[in-house]
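Asks: Line by line, the protein sequences are chains G and L.
Each residue of the first sequence is one higher than the last, beginning at 1 in the numbering used here.
Each residue of the second sequence is one higher than the last, beginning at 1 in the numbering used here.
Since the hints were made in silico from the structure, they are not lab data.
Predicted, not measured: the structure shown is a model, and the values here were computed from it.
Where is the CB? At the ideal position from N, CA and C, for every residue including glycine.
Hints should not be assumed to be uniformly reliable.
Computed cross-link-like contacts, DSS-like style, restricted to lysine-lysine with a CA-CA straight-line distance of at most 25 Å [as the list claims (entries may be wrong)]: (1) L:LYS56 to L:LYS67; (2) G:LYS41 to L:LYS2; (3) G:LYS41 to L:LYS42; (4) G:LYS14 to G:LYS66; (5) G:LYS66 to G:LYS55; (6) G:LYS20 to L:LYS42; (7) G:LYS20 to G:LYS66; (8) L:LYS42 to G:LYS14; (9) G:LYS20 to G:LYS64; (10) G:LYS20 to G:LYS55; (11) L:LYS2 to L:LYS67; (12) G:LYS64 to G:LYS14.
Some chain G residues judged to face chain L by a derived CB distance under 8 Å, without partners named [stated by the list, open to error]: (13) PHE39; (14) LEU44; (15) LEU46; (16) THR49; (17) GLY53; (18) ILE93; (19) GLN100; (20) PRO103; (21) GLN104; (22) HIS105; (23) PHE106; (24) GLY107; (25) ASP108; (26) SER113.
Example chain L residues on the side facing chain G (calculated, C-beta under 8 Å, incomplete) [to be verified]: (27) ARG28; (28) PHE34; (29) LEU46; (30) SER52; (31) GLN64; (32) ALA68; (33) SER69; (34) TYR71; (35) ARG101; (36) LEU103; (37) SER107; (38) GLY108.
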Amino acid sequence: GAVVSQHPSRVICKSGTSVKIECRSLDFQATTMFWYRQFPKQSLMLMATSNEGSKATYEQGVEKDKFLINHASLTLSTLTVTSAHPEDSSFYICSARTDQGQPQHFGDGTRLSIL
Amino acid sequence: QKEVEQNSGPLSVPEGAIASLNCTYSDRVSQSFFWYRQYSGKSPELIMSIYSNGDKEDGRFTAQLNKASQYVSLLIRDSQPSDSATYLCAVPRGISSGSARQLTFGSGTQLTVLP
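In isolation and in its complexed conformation, chain L is listed as follows (with noise of 0.2 Å):
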C-alpha cells in the first residue's frame, strides 16, 4: 500500500459545481495533512491544513479529515476554470523516518472545470 493515495483522474466538472478530491494515507499516527495545489508548470502552493477530525472550511475550499478512516478530502465548491490544476494530498512521514518528517505526497489528481 502506497503511503498516500490519491485518485489521478482526470476529474472534470462543470463550472459552479462541486469538485470532490479524496486522499487515504496509511500511517495511523499522522497529525498533520496538507492540500496543495499545483498549476502546470508551476510549483505547488499550500490551500489547506487540516489536524483535527471533522471539517475545516477557508472560503470555497472544505478539508475534511477522519482519522479513524485514514482519509481527508477536499471539496471545491462553486468550482471556477481558474481552479483547474493537480490537487496534491501531503502527510507527513512516520516517526521512524527521523526528526525531520519529511511530507510523502500523493502522485495528485488532475482537476478541470469546463466553462
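With the rest of the complex left out, here is chain G (with noise of 0.2 Å):
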C-alpha cells in the first residue's frame, strides 16, 4: 500500500519552457502533498505544502508564481514550473500523507534538465 506516482520521470526542454509534473497517491487518500527540491549530493528542500482545495504555502525563498502548485482533488497534486531556465535544472520529488503524524510516501521523482 501507500503508492505515490510521479509522472513524469524525467523531461529535458528548452529555456523558457513550462513544465507540469504530476503526483498521484494510488491506494490512499492525501489530504497532504509535499513538493521537493534535490540538487546533486544535497539533502532534500521542501519546496511548498498543499492541502487538497486550499492554496499551497510556500517556503521562504520558494516563488510561488515560478512555481504553481495545483491540489484539486485527494489524489492529485500538480506542479508547474513556469518559464523554466537552466537553473531550474534539479531532481523534483513529491510526497504525500494521509493524516499528521503518519509518515510521508514519496514518489519516483522527476528529472528537470533545462537546456
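Please assemble the complex out of the two chains, which come individually in their own frames, going by the hints.
Replies: Dropping the structure here:
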C-alpha cells in the first residue's frame, strides 16, 4: 500500500518552457502533499505544502508565481515550473500522506533538465 | 543547532557487519520519527517509523528511540552491498509550524557496504 506515482520521470526541454509534473496517490487519499527539490549530493529541500482544496504554502525563498501548485483532489497534486531556466534543473520529488504524524510516501521523482 | 542532525559520513562497513546510523533532533515535543533510504538518483523510500521509546525491529533493521536524549538511531544487521545508500532521518516540525507538520530531514548519512 501507500503508492505514490509521479509523472513524468524525466523532462528535457528548452529554456522558457513551462513544465507540469503530476503526483498521484494511487491507493490512499492524501490530505496533504509536499513538493521537494534536490540538487546533486544535497538533501531534500521542501518547496511547498499543499492541502486539497486550498492554496499551497510555500517555503521561504520559493517563488509561488514560478512554481504553481494545484491540489484539486485528494489523489492528485500538480507542480508547474513556469518559464523554466537552466538554474531550475533539478530533481523534483513529491510526497503524500494521510494524516499528521503519519509518514510521507514519495513518488519516484522527476529529473528536470533545462537546456 | 540544526533541527535534525546526522553524521554525513561516509560510513563504510564490511559485508555482514552491523551498520549504526545516528540522528539527534532539537524539538522535545516530537512524537514520530522516520528513517528513509535513498539510493543514488532515486527518491527516498520509507524503511522504519518509530513512535515510542525503546527498540523497534523489522527484519534486519532496528530503530532505537530515546526521547530524553533526543536521539534516534538505525541499526542494520548483516549489512549487504545492496544496503549501500544514503539514509535520511526525518522528524515532523514543531507545533509552531502549523497544522501541516512538514518533515524536517537530516542531511543524510551515506553508507557503503563493502563486499
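Asks: Does G:LYS41 pair with L:LYS2 here, judged by a C-alpha cut-off of 25 Å?
Replies: Satisfied, since the Cα-Cα distance of roughly 19 Å is no more than 25 Å.
Asks: How about L:TYR71: closest beta carbon in chain G under 8 Å, or not?
Replies: violated, 19 Å
Asks: Restraint: G:PHE39 near chain L, CB-CB cut 8 Å. Satisfied or not?
Replies: It is violated, given that the least Cβ distance between G:PHE39 and chain L is near 13 Å, above 8 Å.
Asks: Taking 25 Å as the top limit, are the C-alpha atoms of L:LYS56 and L:LYS67 close enough?
Replies: The hint holds at about 14 Å.
Asks: How about G:GLY53: closest beta carbon in chain L under 8 Å, or not?
Replies: At about 14 Å, which exceeds the 8 Å cut-off, the nearest Cβ of chain L leaves the hint on G:GLY53 violated.
Asks: Regarding the hint that L:LEU46 lies at the interface with chain G, is the smallest CB-CB distance below 8 Å?
Replies: Holds, because the Cβ-Cβ distance from L:LEU46 to chain G comes to roughly 5 Å (cut-off 8 Å).
Asks: For a C-alpha distance cap of 25 Å, please report whether G:LYS20 and G:LYS55 respect it.
Replies: holds, 17 Å
Asks: Is the straight-line distance between the alpha-carbon of G:LYS64 and that of G:LYS14 25 Å or less?
Replies: At roughly 21 Å apart (the allowed maximum being 25 Å), G:LYS14 and G:LYS64 satisfy the hint.
Asks: Take a quick look at whether G:LYS20 and G:LYS64 sit within 25 Å of each other, Cα to Cα.
Replies: Since the Cα atoms of G:LYS20 and G:LYS64 sit roughly 14 Å apart, the hinted pair holds (cutoff 25 Å).
Asks: Does the alpha-carbon distance linking G:LYS20 and G:LYS66 stay inside the 25 Å limit?
Replies: holds, 12 Å
Asks: Quickly compare the C-alpha distance for G:LYS66 and G:LYS55 to 25 Å and report which way the hint goes.
Replies: Given that 25 Å is the threshold and the Cα spacing comes to 15 Å, the pair holds.
Asks: Can you verify the interface hint for G:HIS105: is its Cβ closer than 8 Å to any Cβ in chain L?
Replies: Where the cut-off is 8 Å and the nearest Cβ of chain L is about 6 Å from G:HIS105, the hint holds.
When held up to the earlier numbered hints, the structure conflicts with 13, 17, 26, 27, 30, 31, 32, 33, 34 and fits the remainder.
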